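Number 15 in the numbering used here belongs to position 15 of the sequence shown; there are no gaps in the numbering.
Simulated from the structure, these hints should not be mistaken for lab results. Given the structure is predicted, the values throughout are model-derived calculations rather than measurements. No residue lacks a Cβ here, since even glycine has one placed at the ideal position from N, Cα and C. Watch out, some of these pointers could steer you wrong.
[To be verified] Now the in silico label distances, taken between C-beta atoms and shown as ranges:
| no. | residue 1 | residue 2 | range |
| --- | --- | --- | --- |
| 1 | G69 | P143 | 36 to 44 Å |
| 2 | E168 | G69 | 25 to 33 Å |
| 3 | G131 | R45 | 19 to 27 Å |
[Stated by the list, open to error] For lysine to aspartate or glutamate, the following EDC-like pairs were computed, each having C-alpha atoms within a straight-line distance of at most 16 Å:
| no. | residue 1 | residue 2 |
| --- | --- | --- |
| 4 | K171 | E161 |
| 5 | K171 | D108 |
| 6 | K171 | E88 |
| 7 | K171 | E156 |
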Amino acid sequence: MDETEFWELIDGSRETAEGDPEEQADLLVDRLLALDPEMVLDFARHFEARYNRAYTWDLWAAAWVLLDGASDDAFDFFRCWLIGQGREVYEGGVHDPDSLADLLDDFDEEFDGDAEELGYAADEAYEQLTGTVAPDLGIPPAPPEPVGTPVDFENERALAERLPRLWERFKDGRD
């Protein structure tokens, strides 16, 4: 599976699910079940590599602003959600987390930003296809700490300075 095929699966499942992360995960499992197990593992490698790439302080700060706080687990689920938004939003967010202010049409912290199930879609499909747990993917794990300069999440002024467009659009007026 190449990168284009990976993003086509992500985009197709998101569009059909009309943005519902749980429905997207279910649709993605269904689509992965139509592939052979090696293709499912290829998909999992693409997903995991992007998930690890998104492990940055700046993206965690973006998740913090969008979700009005983000624990370790919430940030993990946010990274799955970010991948589920498709290539343009994902790449834009990884390259410049503040650009999410322009890339997201809307954002409802009660509905968006959490797609834990997307992170398990390939494992679920592989297990259904083979009856066994997916093997190690053979890709390097995420670093033990996020990449970049650490963020003081409790310092709203620092967050606003670090992510000015995102702060202005999604945080101001919410308090």
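Going down the list of hints, with the structure as the test:
Under the hint 36 to 44 Å, the C-beta atoms of G69 and P143, about 23 Å apart, miss the expected range. The supplied range of 25 to 33 Å is broken by E168 and G69, whose beta-carbon atoms lie about 18 Å from each other. Separated by about 21 Å at the C-beta atoms, G131 and R45 satisfy the suggested range of 19 to 27 Å. Taking the CA atoms of K171 and E161, the gap is near 12 Å; set against the 16 Å cutoff, the hint holds.
Distance restraint check for K171 and D108: the Cα-Cα separation of roughly 12 Å lies within the 16 Å cut-off, and the hinted pair is therefore satisfied. For the given pair, K171 sits about 23 Å from E88 by alpha-carbon distance, which is inconsistent with the 16 Å threshold. Under the criterion of a C-alpha separation no larger than 16 Å, the hint pairing K171 with E156 is consistent with the structure, at around 10 Å.
Hint check: violations occur at hints 1, 2, 6; the rest are consistent with the structure.
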